[in-house]
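**Student:** Take these sequences, add in the hints, and give me the full structure.
Heads up: the sequence lines are chains S, E and Z, in that order.
According to the working numbering, the first sequence is numbered sequentially starting from 2.
According to the working numbering, the second sequence is numbered sequentially starting from 116.
According to the working numbering, the third sequence is numbered sequentially starting from 36.
No lab work stands behind these hints, which were simulated from the structure alone.
Given the structure is predicted, the values throughout are model-derived calculations rather than measurements.
There may be inaccurate statements among the hints.
Claimed, not checked - Here's a subset of chain Z near chain S, in silico, CB distances under 8 Å, partners left out:
#: 1; residue: Gln97
#: 2; residue: Thr99
#: 3; residue: Thr121
#: 4; residue: Gln124
#: 5; residue: Asn126
#: 6; residue: Gln128
#: 7; residue: Ala141
#: 8; residue: Lys142
#: 9; residue: Thr143
#: 10; residue: Lys273
#: 11; residue: Gly274
#: 12; residue: Ala276
#: 13; residue: Gly277
#: 14; residue: Met280
#: 15; residue: Ser300
As the list claims (entries may be wrong) - Calculated cross-link-like contacts (lysine-lysine; reagent style PhoX-like; alpha-carbon spacing at most 25 Å):
#: 16; chain 1: Z; residue 1: Lys95; chain 2: Z; residue 2: Lys381
#: 17; chain 1: Z; residue 1: Lys255; chain 2: Z; residue 2: Lys205
#: 18; chain 1: Z; residue 1: Lys372; chain 2: Z; residue 2: Lys142
#: 19; chain 1: E; residue 1: Lys216; chain 2: E; residue 2: Lys296
#: 20; chain 1: S; residue 1: Lys263; chain 2: E; residue 2: Lys219
#: 21; chain 1: Z; residue 1: Lys119; chain 2: S; residue 2: Lys58
#: 22; chain 1: Z; residue 1: Lys119; chain 2: Z; residue 2: Lys368
#: 23; chain 1: Z; residue 1: Lys205; chain 2: Z; residue 2: Lys368
#: 24; chain 1: S; residue 1: Lys58; chain 2: Z; residue 2: Lys95
#: 25; chain 1: E; residue 1: Lys156; chain 2: S; residue 2: Lys263
#: 26; chain 1: E; residue 1: Lys296; chain 2: E; residue 2: Lys219
#: 27; chain 1: Z; residue 1: Lys381; chain 2: Z; residue 2: Lys368
#: 28; chain 1: Z; residue 1: Lys205; chain 2: Z; residue 2: Lys222
#: 29; chain 1: Z; residue 1: Lys95; chain 2: Z; residue 2: Lys142
#: 30; chain 1: E; residue 1: Lys257; chain 2: S; residue 2: Lys263
#: 31; chain 1: Z; residue 1: Lys372; chain 2: Z; residue 2: Lys119
#: 32; chain 1: E; residue 1: Lys257; chain 2: Z; residue 2: Lys205
#: 33; chain 1: Z; residue 1: Lys95; chain 2: E; residue 2: Lys156
Quick reminder that beta carbons are idealized off the backbone N, C-alpha and C, glycines included.
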Amino acid sequence: MREEQFIRAIQKRKRKDQWYYVFLLFMGFLSLFPLFSVLYYVVSKGWFDLFSAGFLKPTVGTLEMVLIAMVFAIPLGTGLGLYLYESRGTRMVTVVRYTADLLSGIPSILIGMAVYAVVVISTGTFSLFAGSVALAVFIIPYLGREIEDQLIDSTSTIKEGALALGATNTRALLQMVLPVMTRPLIVAILLSMSRAMGETAPLLFTTLGNHFWPIGLMSPASTLSLQIYFDALSPNSFVQAQAWTGALILIAFIIILFLVAKWIAREESK
Amino acid sequence: MNNMRKHDSDRLFAGALFLFALLLILLGLIMVSVMISGSWKSIAAFGFSFLSGQIWNPLRHSYGALPFLYGTFVSSLIGLILSTVVGVGTAILLTQFGHIKYVKIATILLDALAAIPSVVYGLWGLFVLVPWLRNTGEPLLKTAIGVIPIFNGQVWGVGLLAAGLILGIMMLPTIITVSRKLLDNVPQELQDGAIALGATRTEKVRMVVLPYSRVGILGAVLLSFGRALGEAIAVTLVIGNSPTISTSLFEPGDSLASVLANQFLEASTHLYLSSLYEIGLVLLIVAVLFHTASKLLIWRVSGRARIL
Amino acid sequence: MFRLYNMGKIIFNVTWLIIHGGITRMLHKVMILMILSLLLTSCGVPVISKQSAASSPSQKVQLTGTGSTFVAPLLSEVFSDFYKFTSIQVNYQAISSGGGIGQLIAKTVNFGATDVPFNRIEMQSAVNSGGKVVEMPITLGAVAMVYHLPQVHTPLRMNGSLIANIFLGKIRRWNDASIARLNPGVKLPSLPIRVIYRSDASGTTYQFTDYLNRVSPVWKKYVGVGKAVSWPVGSGGKGNAGIAMAVRAIPGAISYLEYSFALSSHLQYGELENRSGAFIFPSVSSIAAAANHFQTITPTDFSIVNAAGVQSYPICAYSWVAFYRRQQNPVVKTELKQMLNWLVVKGQQNARRLGYVPLPNRIRHADLSLLRRNWG
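**Tutor:** As structure tokens, then:
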């Protein structure tokens, strides 16, 4: 009798376990569902005018802006990452690390406002340059932290070895550690590029958008993300359809960057 | 001699690196000073009543930020609740129940979820989620649990609920990633012990794994909450842009970030512009508070500031 | 001395390390690629800042303007023609009228377009920022009452007090008696009315509220007139475009929309009762008729809503561009002048087709003489 009760209790617990599993599976489904839905709509609604000329300007604009932003962000971000890695343990570095985390976590629209107040107002024009600055500010702290993490994760033994052989700290870092770090660094850079590419909020107040090709750095430019935002707000269903095309192109670029990054990371681990 | 050279070059190098750190701090200071100097006029004119004012009417020079604070917190809270349940559930599934092969695929997919830009979520929200909410989702909720006031009211499609859902989706990847790391950090001996004592997987999760990582998960949730508060573009597209405070989640609202996206370039008087800077300042303070709180929590459990 | 030599050696050493370190070689490649792309970006056209353009007057510049969404369809056509004939590029970004005024004051654009002239405070800020502002009317338009009622195919008739009551939240259903009274024989659904308004600072809102202000004392008392007001009910949409989208998406919605947007978005719009008691559709002729009842308009006396005359549509308005009289860059000044001339002369040909009304001759002459007076 007792044994039967015992077995029943166990069966009950097992059933509960099963239900719990089903519930968790459902949660897993729920978290992936939006991804599939977004991708489905972007591809099915976006591929129609994929090859029309309408998105040439925004696409080039996005690439230019991100590349120029990287011109600022790579040296500054790398420097920051090296600083964070080199000065571990000091009180100053805690402050810097906290600031970096904070800056990479604050609402990106605030970056747009600040760059508007500092760059756009003082140069007297919305511009590609201002947009790049905003993206750079957006990337630098993220890149710096990413690089620091990569350095911590993979290289302390190499550096210790170099130091033990009598190299100066600087030499150990630049000659021994960084060469090994090439790939992780490039991965970090690619990931931050893909992150910058999709940003709209920092650009809204800084690059404005342009129906023409920008004339040089100091003129307004359009980007994919801005174009998607403006098109989505259009009353015209033809223009709305274009927003999906823009989204498809943007996601395609991000995925390409992502895949290249993964590929590089994999090469390294071999 | 050699020793001294070593020392000097290192110092020079460290000094050069320190410049980069200073530059970063400078960026932070510029950000803060822009917001403060920009909002000075508004602070002087309204003081603390800015935060409690319920009416935002640039025409009458009445600038109250409460509707935006309300919309920001309510929409983020909806997102928080949904993404916590779904996200932690998914993390448990992946760490405790998953087969390696599926976990790998799921990881790639979740990375992709994180990589989709907010403007694309906004687009999807506006043209897929909002019509669905208007035609199916909200009427269904209304008939099912319409007795609760927050699920009653006029059905718009756009509104706090739509914004909350979009934010929930956008918060998911962070919550899942951080929770997974935390759950993975639960010592294997503890888990094995629970199993050895005859616990089912469910009981193990409930009695050992979750209690062990609770604080850290709370930190992760706060972290993504802090990010959701500042999301501008996706929210602007679906929240309805109406600076009102309404009990119903179906009603349109507005958020701090989306009023900035809508009105920042349009302010035609100094006070108007200044009030918008003050909105920015409030947003900055809120973001800093949540960020700091979440970092402290995650710190406490992991000992390292960054688990992301 | 020795120390100095030592320092020099250290600097040399560090430089050497940076040049020869493996990573830096890799980074160099990346950097060189980026600098190349940067150069490519700006190779056809040299990097122009305002100063460098001033020193080489032959160099064309791109003009930038922001402002009203009301005139955006017209301006985008006009500027595309203007580019074909003069190869001067005018980049007009429709934000809203507030955006035209705000950014002109911030001196981030060459001109601003607004449906409502600067008010006193705005003008004061603008004068402080860049000196005298010239404002000139560039086109005429109207505000249409758009709605979304899937089952109703005859256009609805409305009057001022009805619209005021709807936007005050007093009338909440489409089958309300006061709507039915104006529309005998129309089968009205019992849908709730969803009021949609402009969430941004908008000239269209100004004209709409200006009209309600004149026809409804209650409106005047509780809401008033402005580019952005505190709406008693409803939900906001951004820009004329955002409104059109929201109305199309939401059955039972009602809103006010610039006439050309109402046309291009194929939304239903109603007939409005004018001062003479006639129900009038917005159209090129009914807008022109309203405008003809106002001989002159100035930036301080510009309202043409609720015009007299049986043919007049009641919510009409001029739209304006504003720019600083003092221009530091002569190229910008020449191009701006060309653009404005084109806008009030050739550009008016595009108006009719897009649902705008060409400027009456007297207004056009006034514009041209205003330009001559200011810039010779």
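**Student:** Each hint should be assessed against the structure and marked as holding or not.
**Tutor:** A quick look at each hint next to the structure:
1. Gln97: At about 5 Å, which falls below the 8 Å cut-off, the nearest Cβ of chain S leaves the hint on glutamine 97 of chain Z intact, so it holds.
2. Thr99: With a minimum Cβ separation of about 6 Å from chain S (threshold 8 Å), the hint on threonine 99 of chain Z holds.
3. Thr121: Status violated, d = 13 Å.
4. Gln124: holds, 4 Å
5. Asn126: At 5 Å from the nearest chain S Cβ, asparagine 126 of chain Z passes the 8 Å test, so the hint holds.
6. Gln128: With a closest approach of 5 Å, the glutamine 128 of chain Z hint holds.
7. Ala141: At about 6 Å, which falls below the 8 Å cut-off, the nearest Cβ of chain S leaves the hint on alanine 141 of chain Z intact, so it holds.
8. Lys142: holds, 6 Å
9. Thr143: holds, 6 Å
10. Lys273: holds, 6 Å
11. Gly274: This hint holds: glycine 274 of chain Z lies near chain S, its Cβ roughly 6 Å from the closest one there, short of 8 Å.
12. Ala276: For alanine 276 of chain Z, the interface hint holds, since the closest Cβ of chain S sits about 5 Å away, which is under 8 Å.
13. Gly277: It holds, given that the least Cβ distance between glycine 277 of chain Z and chain S is near 5 Å, below 8 Å.
14. Met280: holds, 5 Å
15. Ser300: holds, 4 Å
16. Z:Lys95 to Z:Lys381: holds, 21 Å
17. Z:Lys255 to Z:Lys205: Holds. Lysine 255 of chain Z to lysine 205 of chain Z sits at ~15 Å (cutoff 25 Å).
18. Z:Lys372 to Z:Lys142: Holds. Lysine 372 of chain Z to lysine 142 of chain Z sits at ~18 Å (cutoff 25 Å).
19. E:Lys216 to E:Lys296: OK: lysine 216 of chain E and lysine 296 of chain E at ~18 Å, within 25 Å.
20. S:Lys263 to E:Lys219: holds, 13 Å
21. Z:Lys119 to S:Lys58: holds, 18 Å
22. Z:Lys119 to Z:Lys368: holds, 20 Å
23. Z:Lys205 to Z:Lys368: Violated. Lysine 205 of chain Z to lysine 368 of chain Z sits at ~51 Å, over the 25 Å cutoff.
24. S:Lys58 to Z:Lys95: Roughly 20 Å separates the two Cα atoms, so the pair holds.
25. E:Lys156 to S:Lys263: With a Cα-Cα distance of about 50 Å, the restraint between lysine 156 of chain E and lysine 263 of chain S is violated, given a limit of 25 Å.
26. E:Lys296 to E:Lys219: Holds - the C-alpha atoms of lysine 219 of chain E and lysine 296 of chain E are around 14 Å apart, at most 25 Å.
27. Z:Lys381 to Z:Lys368: Between lysine 381 of chain Z and lysine 368 of chain Z the Cα gap is close to 19 Å, so the pair holds against 25 Å.
28. Z:Lys205 to Z:Lys222: Holds. Lysine 205 of chain Z to lysine 222 of chain Z sits at ~21 Å (cutoff 25 Å).
29. Z:Lys95 to Z:Lys142: holds, 20 Å
30. E:Lys257 to S:Lys263: violated, 46 Å
31. Z:Lys372 to Z:Lys119: Since the Cα atoms of lysine 372 of chain Z and lysine 119 of chain Z sit roughly 17 Å apart, the hinted pair holds (cutoff 25 Å).
32. E:Lys257 to Z:Lys205: holds, 24 Å
33. Z:Lys95 to E:Lys156: Measuring from Cα to Cα gives roughly 40 Å; hence the hint is violated.
Violated hints for the displayed structure, listed by number in ascending order: 3, 23, 25, 30 and 33.
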